[in-house]
Amino acid sequence: MPKLIIDNREIEVPEGTKVIKAAEKLGIYIPRFCFHHALGAVGACRVCAVKFQEGPVDGVQMSCMIDAQDGMKVSTADPEAADFRRSVIEWLMLNHPHDCPVCDEGGHCLLQDLTVAGGHGIRRSKGRKRTYTDQYLGPLVYHEMNRCIQCYRCVRFYREYSGYSDLGVTGIAGRVYFGRLREGILESPFAGNLIDICPTGVYTDRPSRYTGRRWDFERTPGVCIHCSLGCRTTVSARYRQVVRVEGRFSQQVNRDFICDRGRYGFYYADRPGRPRNGRINGQTVSAQQAVEEARDRLQRITQEHGPEAVGIIGSARSSLQTLSALVHLCHTTGWQGPVFRNTWIAGAAADAAVRALSPENAFSMREIETADAILAVGADPVNEAPMLALAMRQAQRTGAEIIAIDPRPLDWPFDFAHLACRAEEMEETLASAAERLSASRRPVVICGTEITDDGIVMQAADLVAGLRGSDKRAGLFCTMPQANSFGAALLDESNACAADLADRIETGQIRALAVFESDLWHVFPDRSRLSTALEKLDLLVSVDFLDTPLFENADIGIPSLTVFEAGGIYVNQEGRAQQVRPAHTGGLPIAAAGLGDHPPRSFSPDVPGRDMPAAWAAAFSLSGQAPPETDAQMTAWMRDNFAVLADLAHMEADGVRLFAGRKVSIPDEAQIPEKKPDQFLELLPAPTIFGGEPMSGHSQCLRELAGLPAVWMARADADRLGIADDDRVSLGFENIEVTLNVRISDPMAQGVLVVYRHPDIDWQPAPDGKRIFISEDQIRRIEKA
Amino acid sequence: METRVLLKNRKPDRILDLDEYRASGGYTAAEEMLQTGRPADVQEVLEAAGLLGRGGAAFPMGVKLSTVAEDAPFPRYLVCNADEMEPGTFKDRVLIHTSPHLLIEGMLLAAFSVRAEHGIIFIRPEYENAARILEREAALAREHGLLGKNIFSSGFNFDIVVHRSGGRYICGEGTALLNALEGKRPNPRKPPPYPTVRGLWQLPTVVQNVETLCFVPHVVQNGAEWFRNLATGPDEAGTKIFSVSGRVRRPGCYELPMGTALSEIIETHAGGMAGDGRFKACLPGGASTGYMPESMYHQEMGYKGLSDAGFRLGTAAVMVFDHSACLVGATVNLLAFFARESCGWCTPCREGLPYMHDLLRRIENGQGRAEFVPMLREMAGQMGLAYCAFAPGAAAPVESLITYFEDELREHIETRRCPFETRGPIAGATK
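Protein sequences appear in the order of chains A and B. By the count of this note's numbering, the first sequence reaches residue 785 at its end, each step adding exactly one. By the count of this note's numbering, the second sequence reaches residue 431 at its end, each step adding exactly one.
Chain A with its partners taken away, still in its complex shape (with noise of 0.2 Å):
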């Protein structure tokens, strides 16, 4: 451990830490453009200059580039030093605009700092600028590159940290020029953390532009809902609406980045359409009649027909605040459920992977960073989890091999070995390909659990033991479908998934129905079959933030708050909570209250829209009980209720981790997936990082993302039906017929159709207990006009 002097101070850091961050250490800020502890020290901006007085390095060098070592006394303050840096900051400002007081950037821009704080103020050089075209970059990054002050930053993320080619750097001297060959869309999922890398204004958020200044906006520590990793995130807010959502610093999560689901997916919340107001059978009513009505009717039936009457449903989308209140809402009333789980499959693999996952054995996404082999089994990150899919190309970055057993065609930014099988066979392909681990000291699983079921999770669980018993540190990373899958999985005591409350309704057992934050026409399978059986209920209740085909045919509507005006807390898929803070006060946006006038003309004492109340406190109220007063005390009325929350007493920077604390049941036989019949093909719905998701499918930005539509093929089973890449074919299965264009992959599975969730297709398929088969002779090729 190497100890050194800066500024006539002692510090003691661990070896192979660079000067710079050791002072970091201290206290002492040295100014950086291209040193970003993501993406390490390059030495390219020389700003970080600082003089070696006394040690095995001499005279002044740049701080980013040497090793702390024994004896050395630096200065950072030393005049050549500090000339120095003055000197690069003019440099830089040679060429770059002089319009910080109306700049889109403006205080919000690292060079603005620094060029003020290293006292360089007045241009000396009488030369003009240098000037360049712009480019699109498609609807979230917009591009500026006359502001670029060439620190590699955002090639450095873009190509060797995120694995994309499709930017990068052009040019020598003068001229580098940082884009793409041609304008266009940026091609990778991660492109919004330019954005943030950035320390300039060349990446600036498009959607965002000219909403506010970064002093103008209320900043909130936030963390991500729209998958299941929970990643940390910094909410901008002003005039009561998400203007902003940047990547915030997670040691254990996301380190410092997040995807573009992530990034510009609440818009959601803002939306025109969004319920803000109750509606009784068509009529709008405040929130609070809403609540009232409902509340009222609900005990009507239950005092005629019994507390098994009425069935309340909630999602893994809603705050662990939310769930429980479900939860205590049964409990005090008798009614049925709650009913977390969309479908049985479903349900029924995260709950395998929520019992497998130990405090042992869960690895966090830093230790995925670490790992030296990898084997994803059934998870396709970039759709599912997309940042899980940036920590496996750090591992493979410094060496891991990684292994995936899936039947869809992946897309990853990083090399791969793809064991292409049906689900049928991913048992046995799993067993063979665990021999690869053998070799390794850091392997991890990563296991899906939308399009496997309990079986491989549990088989995936019992390698990683088996790893671990044999002297591995050996970890288990299972994806889970929503942000509070693991959080509903603690909770769920009930195991029944939708399908089953339909069948109740069906009976006539079940007679009321509220259903809370959940969508059910976007995640129950048979369509026709939901419509017929909602229909014979007396009442239908929506709790929900998202004007949701269910919300718009209830019968009582009650809007309710989202996570940003609500906050909550939010189980990651390694069953870490983590505390969301509200990031602005509920009500009617500003923009939407002025009527028209913005900034408004009129004001009043009450904000518009303000009774809208958080789910769980709509829960309470609908069994006649106040809800705790604030979130502190909701918190605590959490923690003494269930004994699976106490942990939540605990909560630190990084969360805390809450786990079922259940040993793995084995299942005495293992379920081996119905195989698929000859002359068929398998019908594999699958989620998307762009439109499939239900709050970011609401994100127009996203959505120009999505593409067309699409079905993939294997190349066997193309050519065998004497099909080709970009046909248009008609699938017809049940009583369903959809029109998709082609698209051949290789490789994939043979014998697997694969859909993603897209935001065009009006049937929007999810994971079913039974699997999708189609004859090959319903799969019609339609001649282009």
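Worth flagging that the hints you see were computed from the coordinates, not collected in a lab. Computed from a prediction, not measured in an experiment: that's the story for all the values here. By construction, the Cβ of each residue, glycine as well, lies at the ideal position given by its N, Cα and C atoms. Treat each hint with caution, since some may be false.
As the list claims (entries may be wrong) - Examples of chain B residues toward chain A, derived with CB under 8 Å:
#: 1; residue: K190
#: 2; residue: P193
#: 3; residue: Y194
#: 4; residue: C343
#: 5; residue: G344
#: 6; residue: W345
#: 7; residue: C346
#: 8; residue: P348
#: 9; residue: E351
#: 10; residue: G352
#: 11; residue: P354
#: 12; residue: D358
#: 13; residue: L385
#: 14; residue: Y387
Unchecked claim - Calculated cross-link-like contacts (lysine to aspartate or glutamate; reagent style EDC-like; alpha-carbon spacing at most 20 Å):
#: 15; chain 1: A; residue 1: K126; chain 2: B; residue 2: D71
#: 16; chain 1: A; residue 1: K126; chain 2: B; residue 2: E128
#: 17; chain 1: A; residue 1: K126; chain 2: B; residue 2: E371
#: 18; chain 1: B; residue 1: K190; chain 2: A; residue 2: E160
#: 19; chain 1: A; residue 1: K129; chain 2: A; residue 2: E160
#: 20; chain 1: A; residue 1: K536; chain 2: A; residue 2: D500
#: 21; chain 1: A; residue 1: K51; chain 2: B; residue 2: E378
#: 22; chain 1: A; residue 1: K25; chain 2: A; residue 2: E12
#: 23; chain 1: A; residue 1: K25; chain 2: A; residue 2: D70
#: 24; chain 1: B; residue 1: K184; chain 2: A; residue 2: D777
#: 25; chain 1: B; residue 1: K184; chain 2: A; residue 2: D166
#: 26; chain 1: B; residue 1: K190; chain 2: A; residue 2: D58
#: 27; chain 1: A; residue 1: K676; chain 2: A; residue 2: D555
#: 28; chain 1: B; residue 1: K190; chain 2: A; residue 2: D67
With chain A's structure known, arrange chain B on it following the hints.
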């Protein structure tokens, strides 16, 4: 006195073919060494001879070879740097056109000394003729068993490919060259690790200049002492090919003992100053070295001698200026070149050089101000903190201009015009 070692077979109209080369003793050194010698023998004799890298950096070749560890991984690479982009330098081209097999034999011996099996000649694209000659002669050597598998029945395998550069100055920098060969941007790499430890594709790689490699057969054959005695004094070793250009009567390549005086190079070999010109200054080693003023007219031109005097011999490309030349204008020209050729990686080089060029251009055009001189002096010094040696090299002419010719600079500023008036104003930004 001209001492021809490398250029002894130089013919006015053609290259030396393989038979002629073998008849003059070619490939005997390689044959003997491969059959009876050890790799360490080559390293030892080169180290004892004090053969310094002729590409400009003057690093001892024997020392460089010995940094390839005995247990270093395979395959190992030998790269011949024939990029020769330093302005004023044209010795490598002459060497290749004189005796390509001397280079091939030199590469063979150097490769043997580190057991490298792959040889790459990285050549600038303007040297297409030379590249074709090398490809043809390497094929011939392969036919005769001088390259390929089991050379001279020694069990040693070695072959050569010729790679044409993309054509930028920075590609000739030893580590940028490796990136260029890998298909990446030619940004220099920051050692450590040095290329001999992790070079091309992270494998041990020795990069040597054409002229250095051409010496290897001679040193191996004739010994270290012979080589040291070629120089004018005990501090220097061998001969050096001087590429003389500028205001002299007979510009050209002259192979002379290391340490030959500048005055002798100009007067005896280059035929004296052209026309009625008087010696004013010269760049001793290409565009990235400082101006030697008149007071150094009798300076001995060797690596040690020049370094002691505060200069660099570089590639020994002597560019001579006479009394009618405006050195401010000449430096503007040099800076335009360097500002254009920067790889664009680090700030001082990418932004500082065009800034210096702009200031100096204004001075030359009569728009200079007194404060430009200290600005130029400060920035030229700060170029030393750039990422690689490119920017300090580019700043060397500026630093020496301010040191030795400040009066000329001041005259431009005070009279608001160029006192030499050899041409009109120099056009603006060179981007």
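Taking the hints in turn, this is what the structure says about them:
Residue-level restraint check for B/K190 holds (minimum Cβ-Cβ distance to chain A is 6 Å; threshold 8 Å). Below 8 Å, beta-carbon pairs count as interface contacts, and B/P193 has none with chain A, the closest being about 14 Å; its hint is therefore violated. About 15 Å separates the beta-carbon of B/Y194 from the nearest beta-carbon of chain A, more than 8 Å, and the hint is not met. Interface restraint check for B/C343: the shortest CB-CB distance to chain A comes to about 6 Å, inside 8 Å, so the restraint holds.
Given hint, B/G344 at the interface with chain A, holds; its Cβ is 4 Å from that chain's nearest Cβ, closer than 8 Å. Checking B/W345 against chain A by beta carbon gives a least distance of about 5 Å; that is within 8 Å, so the hint holds. Interface restraint check for B/C346: the shortest CB-CB distance to chain A comes to about 5 Å, inside 8 Å, so the restraint holds. Interface restraint check: B/P348 against chain A, minimum CB-CB distance 6 Å, threshold 8 Å, status holds.
Satisfaction of the interface hint for B/E351 is found here, the shortest Cβ-Cβ separation to chain A being roughly 4 Å, below the 8 Å cut-off. Interface hint status for B/G352: upheld, as the beta-carbon distance to the closest one in chain A is roughly 5 Å, under 8 Å. Because the beta carbon of B/P354 sits about 5 Å from the nearest beta carbon in chain A, less than 8 Å, this interface hint is met. Nearest Cβ of chain A to the Cβ of B/D358: about 5 Å, under the 8 Å cut. The hint holds.
The beta carbon of B/L385 is positioned within 8 Å of a beta carbon in chain A (closest approach about 6 Å), and the interface hint is therefore held. Checking B/Y387 against chain A by beta carbon gives a least distance of about 6 Å; that is within 8 Å, so the hint holds. With a C-alpha separation of about 57 Å, the suggested pairing of A/K126 with B/D71 is violated against the 20 Å cut-off. With a CA separation close to 42 Å, the supplied pair A/K126 and B/E128 exceeds the 20 Å bound.
Simply put, A/K126 and B/E371 have alpha-carbon atoms about 13 Å apart, close enough for the 20 Å limit, and the pair holds. As the CA atoms of B/K190 and A/E160 are separated by approximately 18 Å, the hinted pair is consistent with the 20 Å bound. Proximity of A/K129 to A/E160 is assessed by CA-CA distance (about 30 Å); at most 20 Å being required, the pair is judged violated. Restraint check for A/K536 and A/D500: the C-alpha separation of about 15 Å stays at or below 20 Å, so the hint holds.
Restraint check: the Cα-Cα separation between A/K51 and B/E378 comes to about 17 Å, which is no more than 20 Å; the hinted pair holds. Pair hint A/K25 plus A/E12 holds up; C-alpha atoms about 9 Å apart against a cutoff of 20 Å. The straight-line distance between the Cα atoms of A/K25 and A/D70 is roughly 16 Å, inside the 20 Å bound, and the hint therefore holds. Under the criterion of a C-alpha separation no larger than 20 Å, the hint pairing B/K184 with A/D777 is inconsistent with the structure, at around 51 Å.
The suggested pairing of B/K184 with A/D166 holds, with an alpha-carbon distance near 15 Å, which does not exceed 20 Å. For the proposed pair B/K190 and A/D58, the alpha carbon gap of about 17 Å is at most 20 Å, so the pair holds. Only pairs whose Cα atoms come within 20 Å are accepted, and A/K676 paired with A/D555 is rejected, the gap being roughly 42 Å. Restraint check for B/K190 and A/D67: satisfied, since their Cα atoms lie roughly 14 Å apart, inside the 20 Å limit.
Hints 2, 3, 15, 16, 19, 24, 27 from the earlier list are contradicted by this structure; the remaining hints agree with it.
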